[in-house]
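Asks: So the chains spell out like this:
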Amino acid sequence: MMYSEKVLDHFSNPRNVGEVENANAVGQVGNAKCGDIMKISMRIEDNIIKDVKFKTFGCGAAVATSSMATELVKGKSVDDALKLTNKAVMEALDGLPPVKVHCSVLAEEAIGAAIQNYYDNAGIDKKVKKGCDGCCSSCGGHDEHHHE
Amino acid sequence: MMYSEKVLDHFSNPRNVGEVENANAVGQVGNAKCGDIMKISMRIEDNIIKDVKFKTFGCGAAVATSSMATELVKGKSVDDALKLTNKAVMEALDGLPPVKVHCSVLAEEAIGAAIQNYYDNAGIDKKVKKGCDGCCSSCGGHDEHHHE
Amino acid sequence: MNDLIYFDNAATTPLAKDVLDKMMPYLTDNYGNASSIYEIGRRSRAAIDEARDRVAKCLGADASEIYFTSGGSESDNWAIKGLCSAKKSKGNHIITTAIEHHAILHTLKALEKEGFEVTYLPVDEDGLISIDDLKNAIKDTTILITIMFANNEIGTIEPIEEAAKIAKEKGITFHTDAVQAIGAVKINVHEMGIDMLSLSAHKFNGPKGMGALYIRKGLRINNFINGGAQESGRRAGTENTPGIVGLSYALEKSTAGIDEKVKKLTALRDYAIEEIEKTIPYCRLNGHRTKRLCGNINFSFRFIEGESLLLMLDMKHIAASSGSACTSGSLDPSHVLLAIGLPHEIAHGSLRISLGVQNTKEEIDVLLKELPKIVDRLRQMSPLYEG
Amino acid sequence: MNDLIYFDNAATTPLAKDVLDKMMPYLTDNYGNASSIYEIGRRSRAAIDEARDRVAKCLGADASEIYFTSGGSESDNWAIKGLCSAKKSKGNHIITTAIEHHAILHTLKALEKEGFEVTYLPVDEDGLISIDDLKNAIKDTTILITIMFANNEIGTIEPIEEAAKIAKEKGITFHTDAVQAIGAVKINVHEMGIDMLSLSAHKFNGPKGMGALYIRKGLRINNFINGGAQESGRRAGTENTPGIVGLSYALEKSTAGIDEKVKKLTALRDYAIEEIEKTIPYCRLNGHRTKRLCGNINFSFRFIEGESLLLMLDMKHIAASSGSACTSGSLDPSHVLLAIGLPHEIAHGSLRISLGVQNTKEEIDVLLKELPKIVDRLRQMSPLYEG
Ligand SMILES: Cc1ncc(COP(=O)(O)O)c(C=O)c1O
Ligand SMILES: Cc1ncc(COP(=O)(O)O)c(C=O)c1O
Ligand code: FES
Ligand code: FES
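Chains as they are written, first to last, in this note's numbering: chain A, 1 to 148; chain B, 1 to 148; chain C, 1 to 387; chain D, 1 to 387.
In short, the hints are calculated from the structure, not lab data. Don't take every hint at face value.
Derived lysine-lysine pairs resembling DSSO-like cross-links, with alpha carbons at most 30 Å apart [what the hints assert, rightly or not]: (1) D:Lys373 to B:Lys53; (2) D:Lys217 to C:Lys87; (3) B:Lys33 to D:Lys109; (4) C:Lys186 to C:Lys113; (5) D:Lys278 to D:Lys253; (6) A:Lys126 to A:Lys6; (7) C:Lys87 to D:Lys109; (8) C:Lys165 to C:Lys109; (9) C:Lys170 to C:Lys291; (10) D:Lys90 to C:Lys90; (11) D:Lys87 to D:Lys22; (12) B:Lys33 to D:Lys113; (13) C:Lys113 to D:Lys135; (14) D:Lys139 to C:Lys17; (15) C:Lys88 to D:Lys109; (16) D:Lys217 to A:Lys87; (17) B:Lys87 to B:Lys50; (18) D:Lys217 to D:Lys263; (19) C:Lys90 to D:Lys253; (20) A:Lys6 to C:Lys170; (21) C:Lys264 to C:Lys291.
This is chain A alone, in the form it adopts within the complex (with noise of 0.2 Å):
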């Protein structure tokens, strides 16, 4: 298993740590039984996400992913955050290995869990679709795994 340089240097460096203080928008996905947690904070202001902080309980693959992420949506229009798939989260990281590849669903869905909690703060009645519908196989033998 190797990863590449960029998901190294986001890992050793990650961008965006910690909890943005007023935040309208506060998603956690995974669980801690997996290995795998990530909270992702925003605040967003004239439906555009001003400032986005995480934190991540998780591999390197995971922090570098939530690092990156959180880069590419920050200024972002809410919609076009959505748009953020885990194949481009993966892509900006120049790849991961195949056993990681659940790390980028995470991140594609911690940042849908967070607007999500924005909607239903705002009384704005739309369903982010979820990211993972079982789509990579890394977490198919696990019977315990559900995003929360």
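Let chain A serve as the given structure and place chains B, C and D with the ligands on it in line with the hints.
Replies: Relative to the frame of chain A, chains B, C and D with the ligands by itself:
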């Protein structure tokens, strides 16, 4: 599988190769199917083995045991020669690898067969005891094995 | 790479320089096939015979009881499959522990599919089996007990001598996977009543791809690799002469040096454990505190995940591991840590430091300096940590 | 040993100097476990990935189809046992030839005890199977056809491409033991329609104790060595990184040099055969005269026994063999020579000269000078020879 120096010496410079010209005792044991044939010819006078020679088709150990066995009986009385065991031949050669023990048995038998032939020729009513009683396990697997 | 601090000696060890020197003639001029009759072949044969004697001596066995294999995994597979297929008319029950290496566990899983029944003995919070559990697990149909000598992750040393005694009383074959114990625990197979023992050369500064299986004289197990008449007709394949020679010298060296090594590494280990417990909150030592391999240190750190920890250590040129080497890259937390009762999220955050003879106190001190900083940094990043 | 004339390259070959050079970093500084996450482990992983690509390219396969093993014997055992246990619900019949290596034959004998049925195709006096025999042997229950690419004793090259085609038509898995063919015959597994192929590194100037099994993508066979997740979870055991690297470079070198080697060795071979036939009476060339490995010369000399011949050659520093290496020391005459119809007493008197790239015409000339003298000397000693 390793041969001792003595075995290699008797193999590369075998003593008493050939056939005794006016032999009165000739014995042949083994068969080509098994890969070993020893033929021993002797000139016996006054119950003493005056001359003895061998011809052998077989492995290095077969040649060496033939050579050593002829050395050991040359000049001996027939009764002493009959006391020669395969163990004595092996010891004189500083041992043989386990899979080659049967060669020393063949040498013992060849001496016995020659002396039997001498008894038969001379009308002496004696039976030489067969040397091989299935003692070594080497031949155990060979259904087709028998001593001629 | 001179500044690399290598703390993963349970995963593999560097090949000792003098062991490689002993192998070199067989990697160059003495290339003969050991089954060949001519001079250059006989020389390989002699080297292998001597190596077998050397190995036998180190284990308290006869040379005729030592069979060379391609590693610990093959030895484990052969021991188990060979015995079970030979004895299947006598019974179909096998006893093992919940914390065996995958080379044992996955082999047994394969046998379960063929109709064998396996009892996995539980372990206590220190990773020890209970002898009473073992006694209670034995049935009329039990044909094999296989218990690892020492665990590769948490270093706990099992009561092998007692277990072997019980097996002998009941007439059950006893196998032990001693891959981690060799060179760290004194082993005499005859005195201990062990029927089969697996070892792997690269765990004691020998070459990779070389192992051995000790099979007690008179014990019949089926062949695993069928073919040529090598290894007294019990393990086919042209002999890896350099590997065999290397294994034998590495074993000789590591058993000869055992007292010194145990003394040195135990001191280093206990120093490191004490300091880590002092300086890092929310940590837990995994494995038994004293019945443990002299080189093994295993901690769980709450709120953080093991792989991240390893990567951060790697950036400081410290090589360590989390769980066993062959499961990194997997999403499952270690079955060993779950077996000693850790919850999943804590099991994910474990670190194994495994020391070798070449490690120094200076290196431990670098670890003790870096580790608290790294753990803290990861905790600051963790959504689970409210510190 | 400078004056050794080594003519037993079918038994084993010297490890090429430049191959050893490629292995050295992994025998020294780069000792990391390839499954480890840190730098020194990743370096081993990268070396193994590259080696797998290299091997795949040489065989016309995908990298994901190459699995490293401990040698030809393990590859053969895995291919056969792995396939048969995976497919046993589909059928229990296997087709092979009477002249396979023991790694195949003894494996099949073991399967026969478990209820599998094996057809051993006969060969003609040159050692060739008949494609019609193969067709006729196929049953509804046939799950595997395993035919060696080239015979190790008499060098005959079998019609593998045709056999593989028939297997494919019938939907039967096709395996070939190509241990002797590698580096002497051009092989492209995809083009030839081969499902599994075994090879062994030490037969083409690579390291001992290393082999590989090619398994066509999509073909499911059971694991043989269970345990860790190495080799995509299909072959457990800490990777022998130096061995893997060595195998890959040795294979690259020997496939790249194949045209040159075939040209050179075929000329030497045919020169030697012609001269021996001219100068030694009562001799018989064993194996096909043209469909034969470029390095193989096999003769039977009547009235004499093979081992004696080898010892006499050894005294002249000529290393050769009689039958296959792993049966010398056995009392049985070669099953291959019996299969081509030689009577026992003639089968006992055979000599195999197997040439390698390093052999020269000068060396052949030494053989041609010594051999007639030795054969004559042994015949003079033989009770069967009336010459
Ligand atoms: C045709 C053939 N198959 C299999 C083998 C076994 O290979 P290894 O001895 O490397 O296991 C050999 C050589 O010994 C061989 O010649
Ligand atoms: C306890 C134990 N058993 C078996 C093995 C397997 O040994 P190898 O990888 O050399 O096949 C290992 C190490 O990987 C181990 O630690
Ligand atoms: S991330 Fe859960 S199935 Fe893909
Ligand atoms: S020599 Fe035939 S059984 Fe001993």
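Asks: Are the Cα atoms of D:Lys217 and C:Lys87 separated by 30 Å or less?
Replies: violated (36 Å)
Asks: Is the hinted pair C:Lys170 and C:Lys291 satisfied, with a Cα-Cα distance of at most 30 Å?
Replies: holds (27 Å)
Asks: Can the restraint linking D:Lys90 and C:Lys90 be considered satisfied, given a maximum Cα separation of 30 Å?
Replies: Distance of about 29 Å is within 30 Å: holds.
Asks: Does D:Lys135 lie within 30 Å of C:Lys113 when you go C-alpha to C-alpha?
Replies: Between C:Lys113 and D:Lys135 the Cα gap is close to 35 Å, so the pair fails against 30 Å, i.e. violated.
Asks: CA of B:Lys87 to CA of B:Lys50, is that 30 Å or under?
Replies: Cα-Cα ~24 Å, so holds.
Asks: For the pair supplied as a hint, C:Lys90 and D:Lys253, is the alpha-carbon distance within the 30 Å limit?
Replies: violated (52 Å)
Asks: Are the Cα positions of D:Lys373 and B:Lys53 separated by 30 Å at most?
Replies: holds (22 Å)
Asks: Given the hinted pair C:Lys88 and D:Lys109, is their Cα-Cα distance within 30 Å?
Replies: Given pair C:Lys88, D:Lys109 holds - Cα atoms ~19 Å apart, limit 30 Å.
Asks: For the pair we were handed, B:Lys33 and D:Lys113, check the Cα-Cα distance against 30 Å.
Replies: The given pair, whose Cα atoms are some 28 Å apart, holds under the 30 Å limit.
Asks: CA of C:Lys186 to CA of C:Lys113, is that 30 Å or under?
Replies: Distance of about 36 Å is beyond 30 Å: violated.
Asks: For the pair we were handed, A:Lys6 and C:Lys170, check the Cα-Cα distance against 30 Å.
Replies: violated (60 Å)
Asks: Does A:Lys6 sit within 30 Å of A:Lys126, going by the straight-line distance between their CA atoms?
Replies: With a Cα-Cα distance of about 35 Å, the restraint between A:Lys126 and A:Lys6 is violated, given a limit of 30 Å.
Hints 2, 4, 5, 6, 11, 13, 14, 18, 19 and 20, counting from the list given before, are not met by this structure.
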